[in-house]
Amino acid sequence: MTFMGFVFSAIALAAALGVVFNRNPLYSAFSLIVQLLAMAGLYSVLGAHFLAVTQVVVYAGAIMVLVLFVLMLLNLKSESGRKLGIVKPLVALGVGFSVVATVFPAVVAQFKDISLMTLQENLWKSEGGVKAIGQEIYGRYIVQFELSSLVLLIGIVGAIMLSKRKRIVIGPREGGLGGKQ
Amino acid sequence: MSSIVTYIGLSLVLFAIGAVGVCIRRNAIVVFMCIEMMLNAVNLAFVAFSKLQGNLDGQVAVFFVMVIAAAESAIGLAVIISVFRSLVSVETSDAAQLKW
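In order, the protein sequence lines correspond to chains A and B. Position 93 (the first sequence) corresponds to 93 in the working numbering; numbering is contiguous. Position 78 (the second sequence) corresponds to 78 in the working numbering; numbering is contiguous.
Since the hints were derived computationally from the structure, they do not count as laboratory data. One thing to keep in mind: the hints can contain errors.
Think about it this way: if two alpha-carbon atoms lie no more than 25 Å apart in a straight line, the pair counts; the simulated DMTMM-like pairs of lysine to aspartate or glutamate are [to be verified]:
1) A:Lys164 <-> B:Asp94
2) A:Lys88 <-> B:Glu91
3) A:Lys131 <-> B:Asp57
4) A:Lys164 <-> B:Glu72
5) A:Lys88 <-> B:Asp94
6) A:Lys164 <-> B:Glu91
7) A:Lys131 <-> A:Glu146
Treat the numbers as computed from the prediction; the structure is a model and nothing was measured.
Produce the complete structure using the sequences and hints provided.
Pasting the structure below:
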């Protein structure tokens, strides 16, 4: 891992802890923006340049603007009045890191038989530029790409339906078939 | 090799932090943000494995995860707003009508 990889990893870890342990949801949201930008830096270190740009535009841009907009609309107060206690976060952190300590050696054991040489050779082979990603998406993954546009359309319709203020009557109305008798 | 293993470890730790946040926070919007963080941790693992394999399949998977996450965030925030309209609260412990 390069020097910049370590820097971005440290920023991502610190900001992730900030998301969980800030009392004010607004500070959590700003921590999450920092974390997403650090993840974009990590993608860039790994050679996935297109994903780094997409991460900044879609996640740190669009999704977080939506979250901040909802936080502003709901006008939430900080949870400072309610005590979380000290035991519950410690127990949760213990459980979380015991999960990591269980899974991580199993993952590391998978990489034992791969020699260092092939990895070094592969290390800079996959360049995630716009051209390469576009050729993959519009070539082998064209059906999935079209289906994802359908998912986005359903998402838009669902969001509008859910946030409409007026209730939508489903089924027969008065004066319709159900009203005649 | 150690490079890839470091990224996988970082991805695991970020996922665990997100899961801990989902468990201990009561604000639905913060829970939602922790879910986004877990998705990002998995994305990092995808990119690291894509680097390991030397092809772009993992990065295309990350692209599709981002598409689904965008749709999910739109619907999730709409659900949170409609819950706030009926309960005047986004605390997860207040939305307990289905609790037995």
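Those earlier numbered hints the structure runs against, lowest number first: none
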